[in-house]
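Read off the chains here:
Protein chains: 2
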Amino acid sequence: MKSVGIVNAQKSVFDTPIQLACGITLPRYELVYETYGQLNADKSNAILVCHALSGNHHLAGKYSEADKAPGWWDSMIGPGKPVDTNRFFVIGVNNLGGCHGSTGPSSINPEIGKPFGSTFPLVLVRDWVETQARLADLLGIEKFAAVMGGSLGGMQALRWTVAYPERVRHALVIAAAPKLTAQNIAFNDVARQAILTDPEFHGGDFYEHDVVPRRGLRLARMLGHITYLSDDGMGEKFGRLLRSGEYQYGFDVEFEIESYLRYQGDKFSGSFDANTYLLMTKALDYFDPARDFDGDLSKALSRTQAGFLVVSFTTDWRFSPARSREIVKALLDAHKNVSYAEIESRHGHDAFLMEDAPYHAVMRAYLNRIDAEVNP
Amino acid sequence: MKSVGIVNAQKSVFDTPIQLACGITLPRYELVYETYGQLNADKSNAILVCHALSGNHHLAGKYSEADKAPGWWDSMIGPGKPVDTNRFFVIGVNNLGGCHGSTGPSSINPEIGKPFGSTFPLVLVRDWVETQARLADLLGIEKFAAVMGGSLGGMQALRWTVAYPERVRHALVIAAAPKLTAQNIAFNDVARQAILTDPEFHGGDFYEHDVVPRRGLRLARMLGHITYLSDDGMGEKFGRLLRSGEYQYGFDVEFEIESYLRYQGDKFSGSFDANTYLLMTKALDYFDPARDFDGDLSKALSRTQAGFLVVSFTTDWRFSPARSREIVKALLDAHKNVSYAEIESRHGHDAFLMEDAPYHAVMRAYLNRIDAEVNP
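Residue numbers (our numbering), protein chains in the order written: chain A, 1 to 376; chain B, 1 to 376.
Be aware that a few hints might be false.
Derived DEER-like restraints, expressed as beta-carbon distance ranges [what the hints assert, rightly or not]:
id, chain 1, residue 1, chain 2, residue 2, range
1, A, Asp-210, B, Asp-292, 31 to 37 Å
2, A, Asn-109, B, His-202, 46 to 52 Å
3, A, Glu-355, B, Gly-295, 32 to 38 Å
4, A, Val-211, B, Pro-165, 54 to 60 Å
5, B, Met-354, A, Pro-27, 50 to 56 Å
6, A, Asp-210, B, Ser-244, 33 to 39 Å
7, B, Ser-271, A, Ile-24, 39 to 45 Å
8, A, Gly-239, B, Leu-332, 49 to 55 Å
9, B, Ser-271, A, Phe-293, 43 to 49 Å
10, A, Val-211, B, His-202, 48 to 54 Å
11, A, Val-211, B, Gly-270, 55 to 61 Å
12, B, Tyr-263, A, Asp-15, 44 to 50 Å
13, A, Val-211, B, Tyr-263, 55 to 61 Å
With a Cα cut of at most 27 Å, we get these calculated DSSO-like pairs of lysine-lysine [to be verified]:
id, chain 1, residue 1, chain 2, residue 2
14, B, Lys-329, B, Lys-299
15, B, Lys-336, A, Lys-237
16, A, Lys-237, B, Lys-329
Quick caveat, the hints were computed from the structure, so don't treat them as lab data. Note that the structure is predicted; figures quoted are calculated from it, not measured. Beta carbons are placed, not taken as given, at the ideal position from N, Cα and C, and that holds for glycine.
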């Protein structure tokens, strides 16, 4: 399958102050983003792809031939792929508060001449939608052919349909949930406490101490990975496989699953910003579009005008199929147009990132329909 | 329901060296234990109750009238209760490596005049069985009417039937598993890494630094609690209940579930020994009675002579009913006598500790049968 090839990120400065849901106003911020494909003449073929907790704007392609890995959704996005860049103009944005180029806790706050750190405000899903809408304005896109994403990205797509009903033709909501459960919040809070109580966190201002709360971030990521994989998938891949074939009776890696988790934790803790991680988990916790409508999700979605594709994966226990079905039911109760696919998979929550024929066939079929609507 | 009343712990010294499964020999150790009820004339009515990860020998009753809470299984054990102390002589032992009086990492190692700390060996389930057998010898008990326990306690009961087939009349294996899955090990390893990477752990020798790796132990316990409760049970009890009714947009307690977990973590980290916690999780990881029998659990259990009661709880996802059914199937394949009960519960893994009429009815019925055998 062909790739979008070598890509470049772009950056835009937004000088109009934005009042965030938490009450704080940011006078100015930058967003970094990438685009793939060509915007058509009537600017009707744009697709916004929203990222999840540790994602970013780099969806597909490579920055140079030497790059080891392409963007995080390269299997989904490219010429001839389900999100076909020969037909769609695809946009990936690093969310406000991120750590990949958009203004975030690790950015220099010009007012104080040092990183925002603890002074960076919490950002909610609705704030991201607002900043993404301003980017759309800048790019001259009045209405998206689709807004889509997996996990927290799917939540942004859902929020888009409520915040800007007239600007979203279709929403593709994948491996998401209408709000977190107590258990979801509990996992997030353990991850946060790991970071917040790391002595090198320094209340969020670790930058000035020239350290990183690596231990806390590592634990958070290890824990996250457990919830991204399915019990069965983990069992098939690792089982009780021993690193050395025999019990060593110590605290070094004994089982392969320990090696995998520690490696993932180490890698992540050396590259991701701890404050961004905290902020992303809080955005997840706070997400609850029904909250403004007496807890009635159907009421919240009654104003939407988009067509919906909702996709879940059988072994996803972070946001199980039952959670996706809550969204589907609310949409049906509101007499909205919704397609739903529950994909057989052993990859748990991570399945939304994977290349899988039945999953991609569903995505391709739905996106073909959108293509027929916007590229006549 | 009547309690066993005021109880006292006893302590015995074992001077015969014990070679542990890890290869290390302990020249001497102490075990602290409690007993309830009276041993009958032919010493046939003794029940050994094995404890789980954070449990101890204090099963029932109080040490003084002023005690706020009774022993951890007071609902199960006492006069007229399922494990009826009017009919059985019940023994609770703090496991070797524990932190409630038996020799463990926080005990003074007489050879060096300071706590064992990092020098304390890893102890496996089979080692506990060995030390418990020596305690039985001391008490003159040749054969237990029953060995029983929940979770890691159930694993000890299972190991007893393999290690000493002729010394166990019945085994009650509750909310247990024949071995951990990759996911179980993964959760344990995150908990261990939280402790091991806490700067105040000092490689296990924190005692001499007059500190405690409280942050790590707190995280380990918070994480543990998530796996002890069911998703549904947590949802019913906490849901998305907010501490203050409104979003506060900060990292203090926002949701009630956060308050619960942090409270549990704080309480535990102030009272439990970090090295014991590590050791207990490793004993869980290593438990795998089928390992000596080419991975064939049925073969491992073929030598057992006990009658078995296996109990699981529907919403337990730490050791799910499917894991208990593996034990049952292996026993049936080995033509053993086994009763199995899958109890409807919304309390997850914690259900084994709770007072619940159907659960207690099953336990009572099975124990009545044992009573009829040993107290004619």
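Q) Does the Cβ-Cβ separation between Asn-109/A and His-202/B fall within 46 to 52 Å? A) violated (38 Å)
Q | C-beta pair Gly-239/A, Leu-332/B: status relative to the range 49 to 55 Å that was hinted | A | violated (24 Å)
Q.
Tell me if the beta carbons of Val-211/A and His-202/B are separated by a distance inside 48 to 54 Å.
A. violated (20 Å)
Q.
Next pair to validate is Lys-237/A with Lys-329/B; report whether the Cα-Cα distance is within 27 Å.
A. Since the Cα atoms of Lys-237/A and Lys-329/B sit roughly 24 Å apart, the hinted pair holds (cutoff 27 Å).
Q: Determine whether the Cβ-Cβ distance between Val-211/A and Tyr-263/B falls within the hinted range of 55 to 61 Å.
A: For Tyr-263/B against Val-211/A, whose Cβ atoms are near 30 Å apart, the range 55 to 61 Å is violated.
Q. Has the hinted range 39 to 45 Å been met by the Cβ atoms of Ser-271/B and Ile-24/A?
A. holds (40 Å)
(Q) Would the hint linking Lys-329/B and Lys-299/B be met if the CA-CA limit is 27 Å? (A) It holds: about 12 Å lies between the C-alpha atoms, which stays within 27 Å.
Q. Per the hint of 55 to 61 Å, is the separation of the Cβ atoms of Val-211/A and Gly-270/B within bounds?
A. Between Val-211/A and Gly-270/B, where Cβ atoms are some 27 Å apart, the hint is violated.
Q: Starting from the hint 43 to 49 Å, judge whether the C-beta atoms of Ser-271/B and Phe-293/A obey it.
A: Hint holds: Cβ distance 45 Å, inside 43 to 49 Å.
Q. Straight-line Cα separation of Lys-336/B and Lys-237/A no greater than 27 Å?
A. Not OK: Lys-336/B and Lys-237/A at ~33 Å, beyond 27 Å, violated.
Q. Can the suggested window of 50 to 56 Å be confirmed for the beta-carbon pair Met-354/B and Pro-27/A?
A. This hint holds: roughly 55 Å between Cβ atoms.
Q. Given a hinted range of 31 to 37 Å, is it respected by the beta-carbon distance of Asp-210/A and Asp-292/B?
A. About 52 Å separates the Cβ atoms of Asp-210/A and Asp-292/B, which means 31 to 37 Å is violated.
Comparing the model with each numbered hint stated earlier shows that hints 1, 2, 8, 10, 11, 13 and 15 do not hold.
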